[in-house]
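*Asks:* So the chains spell out like this:
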Amino acid sequence: MLLEAPRFVLPETLAEALAARAERPEAVVVAGGTEVMPDLLWRNRTAAGFLSLRRVAALRGTTTDGGDLVIGAGTPVAALTTAPDGGLRAAASSLGTPLVRTEATIGGNVVSALPYRNLLPTLLAGGATLELTSAAGTRVVPFDGFVTAPGVTGLREGELLTAVRLPAHVGFADYAKVGRRNAQFVATVSAAVVSRDGVARLAFGNAGPIPLRSDAVDTAATALLDGQATADDLRSTVAAAVDPPEDAVASADYRRHALGVLAVRLVTRAAVDAGLGS
Amino acid sequence: MTAVEDPRPEVAGGTDGPDSSVTFALTVDGTAHEVTARWDESLLTVLRDRLGVRGPKTGCAHGRCGACAVKADLGDGGHVLCSCLVPAATAAGGTVETIASIGGPDGALSDVQEAFLAEGAVQCGICTSGFVTAATELLDTNPDPTRTEIEAALYGNLCRCTGYGRIVAAVETAARTRRGDA
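Chains A and B, in that order, are what the protein sequence lines are. Heads up: the first sequence begins at 0 in numbering that gives the first Met the number 0, then just goes up one per residue. Heads up: the second sequence begins at 0 in numbering that gives the first Met the number 0, then just goes up one per residue.
Hints are not guaranteed to be accurate.
[Claimed, not checked] Facing chain B, from chain A, some residues (calculated, C-beta under 7 Å):
| id | residue |
| --- | --- |
| 1 | L2 |
| 2 | R6 |
| 3 | G32 |
| 4 | V99 |
| 5 | D214 |
| 6 | T218 |
[To be verified] Derived contacts from chain A toward chain B, CB cut-off under 7 Å, selection only:
| id | residue |
| --- | --- |
| 7 | T33 |
| 8 | M36 |
| 9 | D38 |
| 10 | L39 |
| 11 | R42 |
| 12 | R44 |
| 13 | A57 |
| 14 | T101 |
| 15 | L113 |
| 16 | Y115 |
[Stated by the list, open to error] In silico negatives: residues of chain B with every beta carbon more than 12 Å from chain A:
| id | residue |
| --- | --- |
| 17 | S19 |
| 18 | R37 |
| 19 | C67 |
| 20 | D75 |
| 21 | V85 |
| 22 | G103 |
| 23 | A107 |
| 24 | L116 |
| 25 | D139 |
| 26 | T145 |
| 27 | R165 |
No wet-lab data here; the hints were simulated from the structure. Yeah, the Cβ is synthetic: ideal placement off N, Cα and C, and Gly gets one too.
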């Protein structure tokens, strides 16, 4: 341990971090601090203490394993702005500012689990899996289904998210979001696409309480990619599939419309990339 | 290592008793300190209110404006970050370089600071140390940045005197000076 105080613990190894997680279930797990610190400042949450993962070097960095890109949960978002996956790259590059991206981590983005988080649609469209580790070992679960409600995940007591695995694919991947302004904005809605072998797969952010995808949307997106359906077809399928929130930022109707626009935009880009459209 | 006398003992509720405090080593601008702070205090609060280091400024306090930017090495080689977002104790044993490390010890200005003066890139000044910190990091890693690269690197720094044109010009001037083709 680099530091151990009644309300703050700073482990250096994963074993120390897991031991601290088991011993201090009440502590807020914090990595970069880019979300937690403003939340405390604005009293959006209270905390009994911090378990900081910031100095656990084993959680930082990216490797490949059997066709998967394995991203340590403590990897800063800045490192993902040059990722081989186009969707991850676009989602990471539009998160916060360069000064925030050096500290914000992929693990924090995933575990905070709010529906507008940048990286989530990309992970859902890309078929990501998560490594969840406790003292008992590591289990690997699909990202699809991990988020069960805004801010709520399937992480069990004593577990830490240790890595995100994204299948490396030959194909096209992209991400787009819209917000209320063009600089430093939180997504009003967002969408990600993965297209390979003529099949498109879409996922959406802020289209419902949790990251959302649907087989009907993917069927319509694939048909549009193939020239067998129109943009209107995809827009109406998206409108029927999503259940967006209504809040002070935007109406549900606006979000439903904008999600259709983003879906068509991304599938059009995928078609151009595949030489199928212009 | 010298223990620092707290310049503002009333800071943010003090330490709320021994259970709420953390004590750690921190080197700031080459000076080693032993810091005692609240467990949830930001690095910015420790720098300004406990150590009296006033180069980093408190702007938005939530990572939007970059006025608090410092270069910090938290065991990973060091980079520029928003000190308002970092729980101070995560920097235990680490080093921080503020704007005071960019100029010379005798008050001499760096090439970037000189360029900010020459180009009129400073108005009220609250954003300046953050801009100079971010611009210095850019030129240290990319000596010949395009205008687009400069704007991207400074995206996390806000100037509310609307001075971006002069600031970008200053970074271009500093880059030319540094390359020797001024």
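*Asks:* For every hint, state whether the structure bears it out.
*Replies:* Structure-based check of all given hints:
no. : hint : result
1   : L2   : holds (5 Å)
2   : R6   : holds (4 Å)
3   : G32  : holds (5 Å)
4   : V99  : holds (5 Å)
5   : D214 : violated (38 Å)
6   : T218 : violated (38 Å)
7   : T33  : holds (5 Å)
8   : M36  : holds (5 Å)
9   : D38  : violated (9 Å)
10  : L39  : holds (6 Å)
11  : R42  : violated (12 Å)
12  : R44  : violated (11 Å)
13  : A57  : violated (12 Å)
14  : T101 : holds (5 Å)
15  : L113 : violated (16 Å)
16  : Y115 : violated (16 Å)
17  : S19  : violated (6 Å)
18  : R37  : violated (9 Å)
19  : C67  : violated (9 Å)
20  : D75  : violated (7 Å)
21  : V85  : violated (6 Å)
22  : G103 : holds (25 Å)
23  : A107 : holds (26 Å)
24  : L116 : holds (24 Å)
25  : D139 : holds (14 Å)
26  : T145 : holds (15 Å)
27  : R165 : holds (19 Å)
Of the numbered hints listed earlier, those contradicted by the structure are 5, 6, 9, 11, 12, 13, 15, 16, 17, 18, 19, 20, 21.
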